[in-house]
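**Student:** Top line first, the protein sequences correspond to chains A and B. FYI, in my numbering the residues of the first sequence are 1 to 288. FYI, in my numbering the residues of the second sequence are 1001 to 1264.
The hints are simulated quantities; they were obtained by calculation from the structure and are not laboratory data. All residues carry an ideal CB built from backbone N, CA and C; glycine is no exception. Certain hints may be false.
[Unchecked claim] Partial pick of chain B residues on the chain A-facing surface, computed with a CB cut under 8 Å:
{"#": "1", "residue": "Leu1073"}
{"#": "2", "residue": "Phe1091"}
{"#": "3", "residue": "Glu1093"}
{"#": "4", "residue": "Leu1108"}
{"#": "5", "residue": "His1132"}
{"#": "6", "residue": "Ser1145"}
{"#": "7", "residue": "Met1148"}
{"#": "8", "residue": "Met1177"}
{"#": "9", "residue": "Thr1178"}
{"#": "10", "residue": "Ala1184"}
{"#": "11", "residue": "Arg1188"}
[To be verified] A short list of chain B residues far from chain A (calculated; beta carbon distances all over 10 Å):
{"#": "12", "residue": "Val1020"}
{"#": "13", "residue": "Asp1024"}
{"#": "14", "residue": "Arg1048"}
{"#": "15", "residue": "Ser1075"}
{"#": "16", "residue": "Gly1085"}
{"#": "17", "residue": "Ser1125"}
{"#": "18", "residue": "Gly1172"}
{"#": "19", "residue": "Arg1193"}
{"#": "20", "residue": "Asp1229"}
One-letter residues, chain by chain:
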Amino acid sequence: MATRRTLAEEVTGLDALEMPVAPRVSRAARLWAGVWPKVLATVLALGLWQLVVWSGWRPDYVLPGPLAVFRELWDRLYDGKLVGAVGITMRRAFMGFGLALLVGVALGSLVTRSKIMRSGVGSMISGLQTMPSIAWFPLAILFFKRSEAAIMFVMVLGAAPAIANGLIAGTDHIPPLMLRAGRVLGARDLSLFRHVILPASLPSFVAGLKQGWAFAWRSLMAGELLVIIANKHSIGEQLQVARELADAEWLMATMLVILFIGIAVDALVFGNLDRAIRRRWGLVDPAS
Amino acid sequence: MTSVSSTRSGAVPEGTAPTVLQVDGVSKVFGHGPAAVHALDRVSLDLRQGEFVCLVGASGCGKSTLLHLLAGLDSPTSGKIHVEGRTALMFQEAALFPWLTVGGNVSLALRLRGVPRQERRPMVSSLLEMVHLEGLGARRPHELSGGMRQRVALARALGQDADVLLMDEPFGSLDAMTRDLLHAELERLWTDRGFTVLFVTHNVREAVRLADRVLVLTSRPGRVAASFDVHIPRPRRIETPAVSALAGEITDQLSVEVRRHGHA
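Bound conformation, chain A alone (with noise of 0.2 Å):
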């Protein structure tokens, strides 16, 4: 049959001319477009705060220009206590958001498992999220005393909940063709979960994680703060000490570093897998 010849041709041929085409921009333009509205806006924001400086609403030792905070911050930084301060901080960070983590998995998946436990365990949760991890501190301390343990505690409080609901809002927005489409395959109860119901809430999961994050970083300087242990000197215990000393100039160049890693861990970590998914999935413009 000659026409079997002539249809696989005609079906790739119209292959050919379907496949989408997507515009080729080179990957430093793309990053250009990407970085030149933030430099613009710190540019404006640095612009805004030496303005104020120069109004002479407060007297430059109380207030200093980003000049003199920047100078600060170099000088900090090369003399390697901030270094040191900074590895404390990040090694908290990354052990409460660890442990948050795990309790916010376990959490979650425990919750999907069943419909009542969604609609009472659920909205409890989300409940626990608008407590102000400030406001746990006390009660960890008695539990804890000053110890990291208490801020680890916090952290967990704050971080876990967002993470379990990532976790929770994913399963329960998958859309109803997906299940079935498993379904039909064959997949049942724990193969459902493990290969449709998991990968499928996975752009809600990493926007649980990115929300986890601020919580997590929140509760760590509020800890710091508070909870201040003897020969760990960390960023939250440098703004308090700044403050003793009415060190304005350091006290906003630590102020500056903890903007900083907040920002870059969101951008850099979550930010970048947020994208990944995204791209692979085909939920963004190829040319953006």
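Following the hints, position chain B against chain A.
**Tutor:** Just chain B now, with coordinates in the frame of chain A:
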């Protein structure tokens, strides 16, 4: 209610093949009391092995409901369903998993029916080749056109090695040219592999183009109202006068069914 011309060239001569799918007085009611919706009302039909049967009906005739019951996604309110062997179901959308590659989607069907890992890779290749998508296994579903995605779904369904392929308006959202090609592809695979097909559509010409037998379903509640044997030699084309003539006859029958609801 049989009709039209002479030679039959379906895969199986009438009456000889065993029954692979039996629907016996199946009803499906959604909800309870006065608000209940009778989606299907005592539907009965048989599919013989290797047969290609199309189910046509207007909206609300419970076509999709029936396929869901047959695929085991839901259970009937009353009546019996018996399927000899396995079923696979294709949806109107390809319903591929976006977190897997094209090859991964096909491979998952193999994995879930217990094909060992080392055998999956060559099987995926040959399944993709079957639908003319060789070499595209590493692509993501979103990188393909709608027609190509639907062929991946077909490869995945074939990968389930089902005895009965259930298709729920699988080409409904495709353009006419792509649809014509997919009709030919499906007909070729069906002829080669000899599975049984139950194909649901609201497009009567499509039904006549493909089927050995066309069943007309009434609307609300769904019930089999008529059956037409199609004796047009294969391979067929959707534009031929013979297809048009029978399609016209079936459409008339459908119109009668639809008009019934105008007075209600």
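**Student:** Hint validation: Glu1093 (chain B) versus chain A, beta carbon distance must be below 8 Å. Holds or violated?
**Tutor:** 6 Å, holds
**Student:** Is the nearest Cβ of chain A still more than 10 Å from the Cβ of Ser1075 (chain B)?
**Tutor:** 13 Å, holds
**Student:** Holds or violated: is the Cβ of Ser1145 (chain B) closer than 8 Å to a Cβ in chain A?
**Tutor:** At about 4 Å, which falls below the 8 Å cut-off, the nearest Cβ of chain A leaves the hint on Ser1145 (chain B) intact, so it holds.
**Student:** Would the least Cβ to Cβ distance between Val1020 (chain B) and chain A come out above 10 Å?
**Tutor:** With a cut-off of 10 Å, Val1020 (chain B) remains clear of chain A, as the shortest Cβ separation is near 18 Å.
**Student:** So, Ala1184 (chain B) near chain A? Judge it on the closest CB pair being under 8 Å.
**Tutor:** Status holds, d = 5 Å.
**Student:** Take a quick look at Arg1048 (chain B) and tell me if its Cβ sits farther than 10 Å from every Cβ on chain A, holds or violated.
**Tutor:** 23 Å, holds
**Student:** Taking the closest Cβ pair, is Leu1108 (chain B) under 8 Å from chain A?
**Tutor:** 6 Å, holds
**Student:** Hint validation: Phe1091 (chain B) versus chain A, beta carbon distance must be below 8 Å. Holds or violated?
**Tutor:** 7 Å, holds
**Student:** Should the label of Gly1172 (chain B) as a non-interface residue stand, given a Cβ cut-off of 10 Å to chain A?
**Tutor:** Given that every Cβ of chain A is farther than 10 Å from that of Gly1172 (chain B), nearest at about 14 Å, it holds.
**Student:** Using Cβ atoms only, decide whether His1132 (chain B) comes closer than 8 Å to chain A, and label the hint accordingly.
**Tutor:** 5 Å, holds
**Student:** Closest CB-CB distance from Gly1085 (chain B) to chain A, is it above 10 Å?
**Tutor:** Check passes; 13 Å lies beyond 10 Å.
**Student:** Please confirm whether Arg1193 (chain B) is truly not at the interface, meaning its C-beta sits more than 10 Å away from all C-beta atoms of chain A.
**Tutor:** Holds, because the least Cβ-Cβ distance between Arg1193 (chain B) and chain A comes to about 15 Å, which exceeds 10 Å.
Checked against the numbered hints above, the structure breaks none of them.
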